[in-house]
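Residue numbers (my numbering), protein chains in the order written: chain A, 407 to 605; chain B, 407 to 605.
Treat the hints with care, since some could be wrong.
Note that the list lumps identical chains together, so a pair holds whenever it fits in one copy or between two copies.
[Unchecked claim] No more than 20 Å apart at the CA atoms, straight line, and that leaves these computed lysine to aspartate or glutamate pairs for EDC-like:
(1) 599 to 503
(2) 554 to 488
(3) 594 to 464
(4) 424 to 601
(5) 532 to 452
(6) 506 to 464
(7) 563 to 437
These are computed hints drawn from the structure, not numbers from a lab.
2 protein chains.
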Amino acid sequence: MEPINIIPPRSGTAFVLKRGERLTVTDIQGEQVSDLVCFNQHDTAEYLSSGRTIDYAETIFLSTGHRFYSNRSNVMFNICEDTVGRHDFLLTPCSAETFKIIYGHQSAHHGCFGNIANALQPYGIKPDQIPVSFNIFMHVTIDGNSGKIAVLPPTSKSGDHITIQAEMDLVVALTACSAEMSNNYSFKEIGWKIDHPIK
Amino acid sequence: MEPINIIPPRSGTAFVLKRGERLTVTDIQGEQVSDLVCFNQHDTAEYLSSGRTIDYAETIFLSTGHRFYSNRSNVMFNICEDTVGRHDFLLTPCSAETFKIIYGHQSAHHGCFGNIANALQPYGIKPDQIPVSFNIFMHVTIDGNSGKIAVLPPTSKSGDHITIQAEMDLVVALTACSAEMSNNYSFKEIGWKIDHPIK
Chain A
407 MEPINIIPPR SGTAFVLKRG ERLTVTDIQG EQVSDLVCFN QHDTAEYLSS
457 GRTIDYAETI FLSTGHRFYS NRSNVMFNIC EDTVGRHDFL LTPCSAETFK
507 IIYGHQSAHH GCFGNIANAL QPYGIKPDQI PVSFNIFMHV TIDGNSGKIA
557 VLPPTSKSGD HITIQAEMDL VVALTACSAE MSNNYSFKEI GWKIDHPIK
Chain B
407 MEPINIIPPR SGTAFVLKRG ERLTVTDIQG EQVSDLVCFN QHDTAEYLSS
457 GRTIDYAETI FLSTGHRFYS NRSNVMFNIC EDTVGRHDFL LTPCSAETFK
507 IIYGHQSAHH GCFGNIANAL QPYGIKPDQI PVSFNIFMHV TIDGNSGKIA
557 VLPPTSKSGD HITIQAEMDL VVALTACSAE MSNNYSFKEI GWKIDHPIK
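Taking the hints into account, I'd like the entire structure generated from these sequences.
Okay, here's the thing in structure tokens:
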């Protein structure tokens, strides 16, 4: 068993996930969101695309068996296990501007966006390259008639997790989300670990 | 009155829209989609962001009065008139890969993505920079419970239009969409014109 890594509340990390490796993201306490973005390790202009993925999957709720596509329509990873089944792929990472515009905060935390930007800097990936994120455990509802969205507390409980398998070599950024509404107004840590393929 | 410009079926164009100018996009025959993407004219790393816009508007169906945000959370344009009220902001422009993956075409048209890429080349904007597009008149339905999406014929009739006003200097790319399903299996032209602000 690989040891579990901890992302402290309101922070983020980045790492390489090689083709065939599996990443498990765990909600340790429950009701905590983790934003994920990823890039082709060997050409970081290729990035995870919500638009391509939703188009090909024909659903906005992605779960076990779904494949996630890049902006170039290549498969980046798939979900091989998911104990929750509800994640968001519509919204961008929370940022200082999110806190100002949505929450009215004057002195705003830099949010998942700032945490992702800092974590990706060593890989030469710039803040402007951060796309719509796959927001693991984030519970966004949509009214199909009006189009209205709402952000509810995650349905994830302590120990719930999702496992993805890389289908290309990836640089992955991952956070313990910083937005009050997304996490039922309590900031918690996120666990992650990489399992190597059995030789 | 400014003359109307025509985008022939399955093609695209790009142009500058200065702050304060209004762009009207017209569905000349009805049931024709037009994909729109835009960039800050003076720094093309700043682009139209579906994730920011949907987050701040709290709806996936954008219409009159809504403001459209960049990846840096700056307002790029707003909708000042809209005779249809149904557009998509979830999906990326159709591409050769779309036609292969969704339609099973072996010899695929390069689609709106190729048309946008060609139109943006003179502005130094690369294909990898093309984000999720605002798909004017595109009729995508969502089941709020299952998350399933479906692409239906546009509700737009001959002469229907949408008018946006730029809130920064923009490079805009616009198409007459190339995907069968999006346009009720008949490719048609799109009209557009720019009205300058009254001095």
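Here is how each hint holds up against the structure:
no.	hint	result
1	599 to 503	neither (31 Å within a copy, 33 Å between copies)
2	554 to 488	between (26 Å within a copy, 18 Å between copies)
3	594 to 464	neither (32 Å within a copy, 25 Å between copies)
4	424 to 601	within (10 Å within a copy, 51 Å between copies)
5	532 to 452	both (13 Å within a copy, 12 Å between copies)
6	506 to 464	between (33 Å within a copy, 15 Å between copies)
7	563 to 437	within (6 Å within a copy, 46 Å between copies)
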